[in-house]
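Participant: From first to last, the protein sequence lines stand for chains W and P.
Each residue of the first sequence is one higher than the last, beginning at 1 in the working numbering.
Each residue of the second sequence is one higher than the last, beginning at 1 in the working numbering.
This list has only true hints and no planted wrong ones.
Below 25 Å or equal to it, Euclidean Cα-Cα: the simulated SDA-like pairs (lysine to any residue) are:
#1 W:Lys118 / P:Ala89
#2 W:Lys2 / P:Ala89
#3 W:Lys2 / P:Val163
#4 W:Lys2 / P:Asp93
#5 P:Lys168 / W:Gln94
#6 W:Lys75 / W:Ser18
#7 P:Lys168 / W:Asp88
#8 W:Lys87 / P:Arg164
#9 W:Lys87 / P:Ala172
Treat the hints as calculated values from the structure; they're not laboratory data.
No experiment lies behind these values; they were computed from the predicted model shown.
Spelled out from the first residue to the last, the chains are:
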Amino acid sequence: MKYLALVYLPETEIQKMSVKEWDDLNAECIAYGDSITTSGHRLGGEALEPTNTATTVRVRNGKVTTTDGPFAETKEQLAGFYFLEAKDLNEAIQVSSRIPPARLGSVEVRPVRQLIRK
Amino acid sequence: MTHEAEQHVRATVDAVYRAESRRVLATLIRVIGDFDLAEEALHEAFRAAVEQWARDGVPANPRAWLVSAGRFKAVDRIRRRVRLNASEAEIADRLHAEAEDIATVLDQDLEDDRLRLIFTCCHPALPQDAQIALTLREVCGLTTEEIARAFLMAPSTLAQRIVRAKNKIRVARIPYEVPGRDALPERLDSVLHVIYLVFNEGYSASSGSSLMRHDLSDEAIRLARLLVELLPEPEALGLLALMLLHESRRSARATVDGDLILLEDQDRSLWDRAMIAEGGQLVTQALATRRFGAYSVQAAIAAVHVEAAEPGKTDWRQIVGLYDVLLRLEPSPIVELNRAVAIAMRDGPEAGLSLIDALLEHGELEKYHLAHAARADLFRRLGRRADARVAYQRALALTQLEPERRFLERRLAELSS
Numbered sequence: 001m002k003y004l005a006l007v008y009l010p011e012t013e014i015q016k017m018s019v020k021e022w023d024d025l026n027a028e029c030i031a032y033g034d035s036i037t038t039s040g041h042r043l044g045g046e047a048l049e050p051t052n053t054a055t056t057v058r059v060r061n062g063k064v065t066t067t068d069g070p071f072a073e074t075k076e077q078l079a080g081f082y083f084l085e086a087k088d089l090n091e092a093i094q095v096s097s098r099i100p101p102a103r104l105g106s107v108e109v110r111p112v113r114q115l116i117r118k
Numbered sequence: 001m002t003h004e005a006e007q008h009v010r011a012t013v014d015a016v017y018r019a020e021s022r023r024v025l026a027t028l029i030r031v032i033g034d035f036d037l038a039e040e041a042l043h044e045a046f047r048a049a050v051e052q053w054a055r056d057g058v059p060a061n062p063r064a065w066l067v068s069a070g071r072f073k074a075v076d077r078i079r080r081r082v083r084l085n086a087s088e089a090e091i092a093d094r095l096h097a098e099a100e101d102i103a104t105v106l107d108q109d110l111e112d113d114r115l116r117l118i119f120t121c122c123h124p125a126l127p128q129d130a131q132i133a134l135t136l137r138e139v140c141g142l143t144t145e146e147i148a149r150a151f152l153m154a155p156s157t158l159a160q161r162i163v164r165a166k167n168k169i170r171v172a173r174i175p176y177e178v179p180g181r182d183a184l185p186e187r188l189d190s191v192l193h194v195i196y197l198v199f200n201e202g203y204s205a206s207s208g209s210s211l212m213r214h215d216l217s218d219e220a221i222r223l224a225r226l227l228v229e230l231l232p233e234p235e236a237l238g239l240l241a242l243m244l245l246h247e248s249r250r251s252a253r254a255t256v257d258g259d260l261i262l263l264e265d266q267d268r269s270l271w272d273r274a275m276i277a278e279g280g281q282l283v284t285q286a287l288a289t290r291r292f293g294a295y296s297v298q299a300a301i302a303a304v305h306v307e308a309a310e311p312g313k314t315d316w317r318q319i320v321g322l323y324d325v326l327l328r329l330e331p332s333p334i335v336e337l338n339r340a341v342a343i344a345m346r347d348g349p350e351a352g353l354s355l356i357d358a359l360l361e362h363g364e365l366e367k368y369h370l371a372h373a374a375r376a377d378l379f380r381r382l383g384r385r386a387d388a389r390v391a392y393q394r395a396l397a398l399t400q401l402e403p404e405r406r407f408l409e410r411r412l413a414e415l416s417s
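This is chain W alone, in the form it adopts within the complex (with noise of 0.2 Å):
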């Protein structure tokens, strides 16, 4: 069964962080996506670069139209994603409890839906 791991952050605290704390969060992350990806658990998930980055897309009645940022203002942000196999919930909420920005910020797990051809 596979997950997507949705990890938010909250930007205004991570810019408060001190360049060794930025820089002992990532390695830790490096290390934990090494360690679900030997296990099996990590198919694949990026980091992302801040919101003030985003732009969102839309197309209405066969128009494109962009905008600045994205599209809903929340109190934490998408930072990344883990794209996770895992037995069942349980199992991928356990996977997802050691993502380290969890203790910063929050993970939403979401199970990944088959897109059916007909």
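Starting from the known structure of chain W, arrange chain P on it as the hints suggest.
Facilitator: Coordinates of chain P only, in the frame set by chain W:
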């Protein structure tokens, strides 16, 4: 077959249904892997039992017979559907492949299935109200209509809540299992919380048919007994004790008109001694494990209260000590408020007042009616009528609960007389 014999079989099936239907359902959910299919299979199995047991006699192990019949019914039902979706086809294949001799289903498996069912219904990934509804329906066997009536909701709203929860169990694949050691404390908390919410809904309800809501307290106690039997963790014992000790005072805590009677004014001869004895014994057992938590300590406090033959004999020193422990385990302004009241009983109203005033200054309890009611009561004991009146009025302005409003109004009237 004679009419009497037919009646006899029907009565047997009914008795087996009452005693075993939840166990059989719990196992069917595991072997079928789907709540709705398992429920349909359960009912079809019982329908089949009425016919077959009349013809062939009641089987030696009715439980195993029902599980087996239910499984075949589920396979039939899936196959009958014209279009199978992928997951259903998978279930049908698996069920067919598992030609295991059902007689080998051990009683231990069945008990484990009941525990699995409880943990799945109370999974923290489900919304709390859905956990409650699902538990009452699947574990306790209440109907959707009964639950809706008890919670004063439209049956359709409740049914929808259950449908959504079952959908999440299926789609997000919430597993049917007893959590492992790592996750057990958190998951057990979630189960205990659901049971306690059900109990409180029945215990302190201020509206609705009181009879129906009383049943919720009974249901919560029954659930806790089942949990203690299946998983005798200290906090499960503690919660059962706490509920029994509260429940023991049910007939003494309100007048026939539904007016509140404070602990100190209750007729102690109305308290249920058997529940008190059982609750007390459970508390002792929980505390002796040294792995107890907040439920056990709250139960210990309740036990000290009910052990006093009259209000004046209450051991307030011990109660303050227990609140100190509770505050360390689970710090909260409400626990601090209760501790302040206990200190007022031990050391006099002034000592309690200064603690409550300090708590109110923090702001968190400013809108909590019981903080003002407690303060008013201490002023009253000190004979400071004007201060008491202001505090009672503040409490009255903050509560919507009808019996509490009547109580506060009575106190106000007494002050002006």
